[in-house]
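Now for the letters of each chain:
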Amino acid sequence: MRVEYINPFVESAFNVLKEVLQGDIKRGELYLKSTSMPVMGVAALVGLAGDVEGRVLFDMEKASALKIASAMNGEQLTAMDELVKATITELANMITAQAVTKLHELGFRFDLTPPAIFTGDNMEVSDQDVEALIVPMETPQGKIEINVAIRERG
Amino acid sequence: MKTKDDFPSLNERKPEGMKPDGTPWRVLIVDDSMFVAKQITQILTSEGYQVVHTAADGLEGYEKYKELYPNIDLVTMDITMPRMDGLSALQKIIEFDKNAKVIMISALGKQDLVKQALVAGAKNYIVKPLDRKKVLERLQSVLGK
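Those protein sequences? They're chains G and C, same order as listed. Under this note's numbering, the first residue of the first sequence is numbered 1, with each subsequent residue one higher. Under this note's numbering, the first residue of the second sequence is numbered 1001, with each subsequent residue one higher.
Please note that the accuracy of each hint is not assured.
[What the hints assert, rightly or not] Facing chain C, according to a computed beta carbon distance under 7 Å, are these residues of chain G, among others:
(1) Glu19
(2) Glu82
(3) Leu83
(4) Ala86
(5) Thr87
(6) Asn93
(7) Ala97
(8) Gln98
[Unchecked claim] Pulled from the structure, derived: some chain C residues nowhere near chain G, Cβ distances all over 12 Å:
(9) Glu1016
(10) Gln1050
(11) Leu1074
(12) Lys1098
(13) Asn1099
(14) Gly1121
(15) Asn1124
No lab work stands behind these hints: they were computed from the structure. Glycine included, each C-beta is placed from N, C-alpha and C at the ideal position.
Extracted from the complex, chain G is given alone in its bound form (with noise of 0.2 Å):
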């Protein structure tokens, strides 16, 4: 997978993430995955597909993402309920647009899905025939892995 897909989503990441959580956000160093992988509790997936297709999910463990609501909304979310996931899923549609934009800029061209969210334990993701970049961002409230997996339509 060409490095360029993910640099808009890292970008946009911070740029989301530091606008909505109001702090300190950092950037871990980016890492490639061929195989399947674990997914840490919550994860959100929007799905891509035109000139390039593929997936990112937005992966990070459960006390995060409760953290992370309750960072946005400005009020103590404690449980997995309906407005913890619109707010997570709202984040990921922030993140995705902005870096959509950039790459629509670069000249690729292709739709979104909607975000969909998952939470589990023990959960895993595969993609076949495409590696996946991973890049963990810091935040105040927990870490979140962008997990890109995007190749060229062949």
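Mind docking chain C on chain G? Use the hints.
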């Protein structure tokens, strides 16, 4: 005994959500995200606006607008929604009431749709993530006209 007049008034500013006659501006929120609807509601009610209804898709928004009319001053309209999208709902509302004041709420990257919405009669737009200042400014600029 002290009366109200004995205290200096610290906040002379009238809440922005009030009309000159002292009644609140009445807002219809159309958004399928519970988070965004709640965020807009919190920002608006904190300034004295009255959120009369929250519709979860464009069709419900359009039907609610017709039902509330003329007791409705402003609509905030999401763009991507199930059943009927924000652009179609906007067109239907404008068809019904050409003076309707509709503000589009958009994610970044929907410039084409925002342009179409402005051509179709939307009065302004706000790009997410929403913040208090941005939302209140856009509403005021539309209601002030």
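Comparing the hints with the structure gives:
| no. | hint | in the structure |
| --- | --- | --- |
| 1 | Glu19 | 5 Å, holds |
| 2 | Glu82 | 6 Å, holds |
| 3 | Leu83 | 6 Å, holds |
| 4 | Ala86 | 4 Å, holds |
| 5 | Thr87 | 4 Å, holds |
| 6 | Asn93 | 6 Å, holds |
| 7 | Ala97 | 4 Å, holds |
| 8 | Gln98 | 5 Å, holds |
| 9 | Glu1016 | 20 Å, holds |
| 10 | Gln1050 | 21 Å, holds |
| 11 | Leu1074 | 22 Å, holds |
| 12 | Lys1098 | 31 Å, holds |
| 13 | Asn1099 | 31 Å, holds |
| 14 | Gly1121 | 24 Å, holds |
| 15 | Asn1124 | 19 Å, holds |
The structure is consistent with each of the numbered hints, conforming to all of them.
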